[in-house]
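Construct all of the structure, not just a fragment, from the sequences and the given hints.
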Amino acid sequence: MDISRGARVVGLIAVTMVSVFLVFPLVVLIGTSVSTTEYLMFPPQGVTFRWFAEVLSSPEWRDGIVISAQIAAVATVISAAIVVPAALGLVRGRLRLRGIVESALTLPMLVPQIVLGVGLLQWLLALGVGRTLVGFVLAHVVLAFPFVLRSVLAVLVGMPQTFERAASDLGATPWRRFWHVTLPLLRPGLGAGCMFGFGISYINVEVSMFLATPELTPLPVRLLNYVAYTVDTTVSAVSALTIVIAFAALIVLDRVTGLERVGATR
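What the sequence shown shows, in the UniProt record's numbering, is residues 1 to 266, in sequence order.
Calculated from the structure, these hints are not laboratory results. Please note that the accuracy of each hint is not assured.
[What the hints assert, rightly or not] Each pair of labels, with its calculated beta carbon distance range:
(1) Gly89 <-> Phe49: 45 to 53 Å
(2) Ile203 <-> Val23: 12 to 20 Å
(3) Val20 <-> Glu206: 26 to 34 Å
All C-beta atoms, glycine included, are put in the ideal place defined by N, C-alpha and C.
Here you go:
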């Protein structure tokens, strides 16, 4: 009994320490973003939202936010559209080389981002879309696709085919079976994957910096260029806005797909 109580205490301490380690940087970031001083200071000397107003009123920062959101959203939608048939083919297609194919499709997760950025730049230039919005989207599809695929595969592997067989027995066509049975069962995994894919695309620096132009600069690249010369409260305000956008995207995906049911199909 004493050993069990001691284990619980140790576990509680460990969880608390990890939580503080993860949350404290966010607290510092948000605290410095509302400080009245022009330089980074924590605890903040007073509270003001002046820096947020300056960021949102700046055409450069606004364009960076919009460009990043557009690229991430389009890349995530395209990735999701490709992932569903790819995952069904991997799991239901009985491929002999499934492991090799799956490893190849998720390879961008393992390749260093700098190396991936150089390779994508050369490929996109060869296609004639280097340093264009289309090129950006294609590159970010490569980034987001593996994360969406892994989440969908995790759900699909453990998903029973009972409902699909029942739909077939009742006369449902393959398309109706997919649209009304298979896809709804995949929604939690697809939503979780889209969340990861959107986040990875939105915050990416390494690949984006190879494709950026003065007219097409995503927020992370613009922030990197900014801190190379200046580190002030604006940096914290931009970073805090990025966190807000990430949480907003998570809430929307939760409402649309029901992320709390990710494991419900197992």
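Hints, one by one, checked against the model:
For Gly89 paired with Phe49, a C-beta distance near 50 Å keeps the hint of 45 to 53 Å intact. The beta-carbon spacing between Ile203 and Val23, approximately 18 Å, falls within the hinted interval of 12 to 20 Å. At about 29 Å, the beta-carbon gap between Val20 and Glu206 stays in the expected band of 26 to 34 Å.
Hint compliance for this structure: no hint is broken.
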